[in-house]
Amino acid sequence: MKRPPALANAVDRGLAPFRGRRAAGLLPQARLGGPMPWVIAIMVALTVVAAGGALALSNMVSTASGDLAGSATVQIIEPDAGQRAAQVEAVQEVLAQDPAVEGFRVVPEEDIAELLEPWLGTGEEVEAVPLPALVDVELRDGAGRDDYARLEAAMREVAPRARIDAQSDWLAPVLSALSALKWMALALILMLGFVGAAAVWLAARNALGGNRKTIEVVHLLGGSDDQVARIFQRSILLDAIIGGVLGFVAGVLAMSLLARQFAALQSGMVAGGTLTAMDWVLIALVPLFAIAIAVYTARMTVLSSLRKSL
Amino acid sequence: MSTREGEIVQFDNVGLRYGTDREVLSNVTFSLYSGRFYFLTGASGAGKTSLLKLLYLAQRPSRGAIRMFGRDVITLPRDQLPSFRRRMGVVFQDFRLVDHLSAFDNVALPLRVSGVREADLREPVADMLEWVGLAHRAEARPATLSGGEQQRVAIARAVIGRPEILIADEPTGNVDPEMAVKLLRLFEALNRLGTTVVVATHDVQLLRKVPDSLIMRLSKGMLADPTGALRYPPRREGTVGESA
Ligand SMILES: Nc1ncnc2c1ncn2[C@@H]1O[C@H](COP(=O)(O)OP(=O)(O)O)[C@@H](O)[C@H]1O
Ligand SMILES: [Mg+2]
Chain Z
1 MKRPPALANA VDRGLAPFRG RRAAGLLPQA RLGGPMPWVI AIMVALTVVA AGGALALSNM
61 VSTASGDLAG SATVQIIEPD AGQRAAQVEA VQEVLAQDPA VEGFRVVPEE DIAELLEPWL
121 GTGEEVEAVP LPALVDVELR DGAGRDDYAR LEAAMREVAP RARIDAQSDW LAPVLSALSA
181 LKWMALALIL MLGFVGAAAV WLAARNALGG NRKTIEVVHL LGGSDDQVAR IFQRSILLDA
241 IIGGVLGFVA GVLAMSLLAR QFAALQSGMV AGGTLTAMDW VLIALVPLFA IAIAVYTARM
301 TVLSSLRKSL
Chain G
1 MSTREGEIVQ FDNVGLRYGT DREVLSNVTF SLYSGRFYFL TGASGAGKTS LLKLLYLAQR
61 PSRGAIRMFG RDVITLPRDQ LPSFRRRMGV VFQDFRLVDH LSAFDNVALP LRVSGVREAD
121 LREPVADMLE WVGLAHRAEA RPATLSGGEQ QRVAIARAVI GRPEILIADE PTGNVDPEMA
181 VKLLRLFEAL NRLGTTVVVA THDVQLLRKV PDSLIMRLSK GMLADPTGAL RYPPRREGTV
241 GESA
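The listed protein sequences correspond, in order, to chains Z and G.
Position 297 of the first sequence, counted from 1, bears residue number 297 in full-length UniProt numbering, the numbering being contiguous throughout.
Position 237 of the second sequence, counted from 1, bears residue number 237 in full-length UniProt numbering, the numbering being contiguous throughout.
So here's chain Z without its partners, still in its complex pose (with noise of 0.2 Å):
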């Protein structure tokens, strides 16, 4: 019989991690294949959308209040244009003086007509349709309803049917309907992450269970939970990165069809609602953070799965 060969010396005792594409081989099953990419694909692109949905509407809610904070109109509704012109005139000499007030202008009688058009047409018989005389008035930072009030009861006593609106009034409910959406948008972001969680925590143990024998095996020839642990984060990770790319892709491309459609309305609040180049960067770590989880996820349920044995 030959001797056994000499091996001493080819054998490192060392814990050097075991990893690369001979320790991916040791588990053919471990790619969590299956539905898996789908999964994390679909995750991704709705947090994509529902990310790229509420930075918009922050945007558009910081811009709409910041741009009306500061703006009222005066309108005032006088069927007689010379008294019209007249109380014009008396409401300019008491804006001109008020200290809350930056800076108004009238708006020319042609931009109202204009303004109204739609719902009342062009030509003879609209002239004899009285318009309202209206005044865009800016008021400084700061200013306040007292200011309002005080405003309005001086402009009453030289021009009884002068009004004044603070723009922000009839907007606020419609800011604050906007603001819950931005929340919602962050509660469904929450809940898709915990259920992307979730589900590669049930893929992975459900690889676990397909590798139980290979594993107990490497255990026993003195393989660390590291190891094993190392295999199947891998393994994921392949999944995660289809997952997150494609899901991501889908997401911004869904996005962008949804901000075309938005851009068509031509409004000006809508278009307070474009993103930054910070809220791209945020929208790029979505995936990023999805790959993140779901390597951790998997990390974590192998190694307590493993803790049981001795």
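These are computed hints drawn from the structure, not numbers from a lab.
Don't take every hint at face value.
What the hints assert, rightly or not - Counterexamples of contact, computed for chain G against chain Z with all Cβ distances above 12 Å:
{"hint": "1", "residue": "Thr20"}
{"hint": "2", "residue": "Phe30"}
{"hint": "3", "residue": "Ser31"}
{"hint": "4", "residue": "Ser34"}
{"hint": "5", "residue": "Phe39"}
{"hint": "6", "residue": "Ala58"}
{"hint": "7", "residue": "Arg67"}
{"hint": "8", "residue": "His100"}
{"hint": "9", "residue": "Asn106"}
{"hint": "10", "residue": "Arg112"}
{"hint": "11", "residue": "Gly115"}
{"hint": "12", "residue": "Glu170"}
{"hint": "13", "residue": "Gly173"}
{"hint": "14", "residue": "His202"}
{"hint": "15", "residue": "Ala224"}
{"hint": "16", "residue": "Asp225"}
What the hints assert, rightly or not - 25 Å max Cα-Cα, derived SDA-like pairs, lysine to any residue:
{"hint": "17", "chain 1": "Z", "residue 1": "Lys182", "chain 2": "Z", "residue 2": "Ala263"}
{"hint": "18", "chain 1": "Z", "residue 1": "Lys182", "chain 2": "Z", "residue 2": "Ala81"}
{"hint": "19", "chain 1": "G", "residue 1": "Lys209", "chain 2": "G", "residue 2": "Glu149"}
{"hint": "20", "chain 1": "Z", "residue 1": "Lys213", "chain 2": "G", "residue 2": "Asp99"}
{"hint": "21", "chain 1": "Z", "residue 1": "Lys213", "chain 2": "G", "residue 2": "Ala65"}
{"hint": "22", "chain 1": "Z", "residue 1": "Lys308", "chain 2": "G", "residue 2": "Lys209"}
{"hint": "23", "chain 1": "Z", "residue 1": "Lys213", "chain 2": "G", "residue 2": "Pro142"}
{"hint": "24", "chain 1": "Z", "residue 1": "Lys213", "chain 2": "G", "residue 2": "Arg71"}
{"hint": "25", "chain 1": "G", "residue 1": "Lys182", "chain 2": "G", "residue 2": "Leu193"}
{"hint": "26", "chain 1": "Z", "residue 1": "Lys213", "chain 2": "G", "residue 2": "Arg96"}
{"hint": "27", "chain 1": "Z", "residue 1": "Lys213", "chain 2": "G", "residue 2": "Gln205"}
Keep in mind it's a predicted model, so treat the numbers as computed, not measured.
A virtual CB, placed ideally from N, CA and C, is assigned to each residue, including glycine.
Since the structure of chain Z is provided, determine the placement of chain G with the ligands on it from the hints.
For chain G with the ligands alone, kept in the frame of chain Z given last:
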């Protein structure tokens, strides 16, 4: 419990029960000395596999103390167990080859787990396969190998890392008597290189084939040591601690 010179395993009053059943092993006390060749015999169901599982750290005892390589392995932190397992080679009763790996990759597994580089393991693994007469079957999957061939792959995997102790559970159970003797010669050769060998078998014919062996007999979970050889082994000239 102190460790004497050359003592690599100590069991002290070890008991094992699975669940709430009666004890499968009771008051098992013995020591294994470095470089010796042990047979563990007993009828089927006597508890041989259970005792070996305690040895290769697949099972914790219900009571008693176990020391290996001078350390109490029962209180050892979990993250230190792998390095102990890497010092042993195990031939499982059911082989436990990895189905989807070739014979070569199965034999290479302990080296890869230990972090041996690919370039460094090709030759030793090929040599080992040749040594067990399976060089021509290196790329075969376990399912395409005969029972005896699988057993030899399992043995090659157990000894490839030059373990300090080789633990084999019925390693000749699936082969004809001629191959059984060949495999025993293989263990003896390894033993002469300094590896402590523990072979569990219910086949008493085998015991006579290794003249210098020490015999542990299990009966209904109790370990018989009539001559006291397990606790105080007779001196054997020129073998203990001999190296290649
Ligand atoms: N995992 C287990 N759970 C419960 N009982 C077991 C288990 N393994 C072995 N036994 C019982 O322990 C006793 C000893 O079994 P075993 O150690 O396999 O003996 P041997 O290897 O000598 O045939 C038997 O009665 C067997 O039924
Ligand atoms: Mg047995």
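Status of each hint after checking the structure:
Non-interface call for G/Thr20 relative to chain Z: holds, since the shortest CB-CB distance, roughly 19 Å, exceeds 12 Å. The claim that G/Phe30 lies off the interface holds: its Cβ sits roughly 21 Å from the closest Cβ of chain Z, which is beyond the 12 Å cut-off. With a least CB separation of 22 Å from chain Z, G/Ser31 remains clear of the 12 Å interface cut-off, as annotated. Look at G/Ser34: its CB is around 16 Å from the nearest CB on chain Z, clear of 12 Å, so calling it non-interface holds up.
With a closest Cβ-Cβ approach of about 20 Å to chain Z, G/Phe39 is found to remain outside the 12 Å limit, as its non-interface label requires. Listed as outside the interface, G/Ala58 is inconsistent with that label: its C-beta sits roughly 6 Å from the nearest C-beta of chain Z, within the 12 Å cut-off. Listed as outside the interface, G/Arg67 is consistent with that label: its C-beta sits roughly 17 Å from the nearest C-beta of chain Z, beyond the 12 Å cut-off. With a least beta-carbon separation of about 5 Å from chain Z, G/His100 fails to lie farther than 12 Å from that chain, contradicting its non-interface assignment.
With 12 Å as the threshold on Cβ separation, the claim that G/Asn106 sits away from chain Z is violated: the shortest Cβ distance comes to roughly 9 Å. Distance check on G/Arg112: its Cβ comes as close as 6 Å (rounded) to a Cβ of chain Z, failing to clear the 12 Å threshold; non-interface status is violated. Distance check on G/Gly115: its Cβ comes as close as 2 Å (rounded) to a Cβ of chain Z, failing to clear the 12 Å threshold; non-interface status is violated. Against chain Z, the non-interface label of G/Glu170 holds: every CB pair exceeds 12 Å, the least being about 17 Å.
Residue-level check passed: G/Gly173 sits 19 Å from the nearest beta carbon of chain Z, beyond 12 Å. The claim that G/His202 lies off the interface holds: its Cβ sits roughly 23 Å from the closest Cβ of chain Z, which is beyond the 12 Å cut-off. Annotated as non-interface, G/Ala224 keeps its C-beta farther than 12 Å from every C-beta of chain Z; the closest such distance is 28 Å. The claim that G/Asp225 lies off the interface holds: its Cβ sits roughly 27 Å from the closest Cβ of chain Z, which is beyond the 12 Å cut-off.
For the hint linking Z/Lys182 to Z/Ala263, the alpha-carbon distance of about 19 Å falls within 25 Å, and the restraint holds. In summary, the hint linking Z/Lys182 to Z/Ala81 is not supported, as the alpha carbons are separated by about 47 Å, beyond the 25 Å threshold. Simply put, G/Lys209 and G/Glu149 have alpha-carbon atoms about 22 Å apart, close enough for the 25 Å limit, and the pair holds. Pair hint Z/Lys213 plus G/Asp99 holds up; C-alpha atoms about 10 Å apart against a cutoff of 25 Å.
Restraint check for Z/Lys213 and G/Ala65: the C-alpha separation of about 29 Å exceeds 25 Å, so the hint is violated. With a C-alpha separation of about 41 Å, the suggested pair Z/Lys308 and G/Lys209 falls outside the 25 Å cut-off, and the hint is violated. Distance restraint check for Z/Lys213 and G/Pro142: the Cα-Cα separation of roughly 14 Å lies within the 25 Å cut-off, and the hinted pair is therefore satisfied. Only pairs whose Cα atoms come within 25 Å are accepted, and Z/Lys213 paired with G/Arg71 is rejected, the gap being roughly 29 Å.
Taking the CA atoms of G/Lys182 and G/Leu193, the gap is about 17 Å. The hint holds against a cut of 25 Å. Restraint check: the Cα-Cα separation between Z/Lys213 and G/Arg96 comes to about 8 Å, which is no more than 25 Å; the hinted pair holds. Taking the CA atoms of Z/Lys213 and G/Gln205, the gap is near 33 Å; set against the 25 Å cutoff, the hint is violated.
Comparing the model with each numbered hint stated earlier shows that hints 6, 8, 9, 10, 11, 18, 21, 22, 24 and 27 do not hold.
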